[in-house]
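Keeping the supplied structure of chain P fixed, place chain W upon it in accordance with the hints.
In the order they appear, the protein sequences are chains P and W.
When you line the first sequence up against the working numbering, it's residues 1 to 114, in that order.
When you line the second sequence up against the working numbering, it's residues 1 to 114, in that order.
Everything labelled a hint here was simulated from the structure, so no lab data went into it.
It is possible that part of the hints are untrue.
When the alpha-carbon atoms are kept at most 20 Å apart in a straight line, the in silico SDA-like pairs for lysine to any residue are as follows [unchecked claim]: (1) LYS49/P - THR5/P; (2) LYS11/W - PRO40/P; (3) LYS49/P - HIS29/W; (4) LYS49/P - GLY97/W; (5) LYS57/W - LYS49/P; (6) LYS49/P - THR101/W; (7) LYS57/W - GLN101/P; (8) LYS17/W - THR78/W; (9) LYS57/W - PRO40/P; (10) LYS49/P - LYS11/W.
Quick caveat: nothing in here was measured; it's all calculated off a predicted structure.
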Amino acid sequence: AQSVTQLGSHVSVSEGALVLLRCNYSSSVPPYLFWYVQYPNQGLQLLLKYTSAATLVKGINGFEAEFKKSETSFHLTKPSAHMSDAAEYFCAVTPSGTGNQFYFGTGTSLTVIP
Amino acid sequence: GAGVSQSPSNKVTEKGKDVELRCDPISGHTALYWYRQSLGQGLEFLIYFQGNSAPDKSGLPSDRFSAERTGGSVSTLTIQRTQQEDSAVYLCASKLGQENTEAFFGQGTRLTVV
Numbered sequence: 001a002q003s004v005t006q007l008g009s010h011v012s013v014s015e016g017a018l019v020l021l022r023c024n025y026s027s028s029v030p031p032y033l034f035w036y037v038q039y040p041n042q043g044l045q046l047l048l049k050y051t052s053a054a055t056l057v058k059g060i061n062g063f064e065a066e067f068k069k070s071e072t073s074f075h076l077t078k079p080s081a082h083m084s085d086a087a088e089y090f091c092a093v094t095p096s097g098t099g100n101q102f103y104f105g106t107g108t109s110l111t112v113i114p
Numbered sequence: 001g002a003g004v005s006q007s008p009s010n011k012v013t014e015k016g017k018d019v020e021l022r023c024d025p026i027s028g029h030t031a032l033y034w035y036r037q038s039l040g041q042g043l044e045f046l047i048y049f050q051g052n053s054a055p056d057k058s059g060l061p062s063d064r065f066s067a068e069r070t071g072g073s074v075s076t077l078t079i080q081r082t083q084q085e086d087s088a089v090y091l092c093a094s095k096l097g098q099e100n101t102e103a104f105f106g107q108g109t110r111l112t113v114v
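Excised from the complex, chain P in its bound form (with noise of 0.2 Å):
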């Protein structure tokens, strides 16, 4: 079952600009929520995750992300490209109560541009 969707398969920006990749989840109970990478040739590394705790998650290399339950969403952001932020991003989810089960989005490669 898809209960995440990542809108855009290929987002670019400028090095410099605001980065946005967006992730909404489908579930009617918030879900636990996480964004992971993928550099080229590489295996999946946990950027940040939702838990409840708080809503604006900070994570790894400057990104973060915002739970917001009135538009089921969790998109990933940055205010600053990088070159070194060219990869792929991947928003998973686990519906609560399910068991576990661990679900992902089709991701969003993201390109800089110089």
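Positioned in the frame of chain P, the structure of chain W alone reads:
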């Protein structure tokens, strides 16, 4: 171990042969997942093990695919009579039993069917 370990890292096999992919999860992690990532694609869920419960096999694409997890630890994904469309990176992940914890990924096995 310190992280999720997958072997082999690369596997080239002839069409029609059987292959076995191994995943050694982080010690103490009760949940284990297999995903498939085709070139330029997202993560396709294959199968999920949680403790001693029956595995969720809903993502297995055909009866040529099977997986087992012995002793609640090491898992093996078997693909019988491999086809060229099975060529992909197979990723394994493990996590603790709580829903609000993140999954840790191995580096994957790159399978090429020729």
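Take a quick look at whether LYS49/P and GLY97/W sit within 20 Å of each other, Cα to Cα.
Roughly 16 Å separates the two Cα atoms, so the pair holds.
Given the hinted pair LYS17/W and THR78/W, is their alpha-carbon gap at most 20 Å?
11 Å, holds
Going straight from one Cα to the other, do LYS57/W and LYS49/P come out at no more than 20 Å?
Since the Cα atoms of LYS57/W and LYS49/P sit roughly 26 Å apart, the hinted pair is violated (cutoff 20 Å).
Pairwise hint evaluation, LYS11/W against LYS49/P, where the allowed Cα distance is 20 Å at most
Measuring from Cα to Cα gives roughly 33 Å; hence the hint is violated.
Verify the proposed pairing of LYS49/P with THR101/W, using a straight-line Cα cut of 20 Å.
8 Å, holds
Given the proposed pairing of LYS49/P with THR5/P, does the C-alpha separation stay at or below 20 Å?
16 Å, holds
LYS57/W and PRO40/P were given as a pair; does the straight-line alpha-carbon distance stay at or below 20 Å?
Given pair LYS57/W, PRO40/P is violated - Cα atoms ~29 Å apart, limit 20 Å.
Within a Cα-Cα threshold of 20 Å, do LYS57/W and GLN101/P meet the stated pairing?
12 Å, holds
Just to be careful, I want the Cα atoms of LYS11/W and PRO40/P compared with a cutoff of 20 Å; is the pair within it?
19 Å, holds
LYS49/P and HIS29/W were given as a pair; does the straight-line alpha-carbon distance stay at or below 20 Å?
The hint holds at about 18 Å.
Hint compliance for this structure: hints 5, 9 and 10 are broken, all remaining hints hold.
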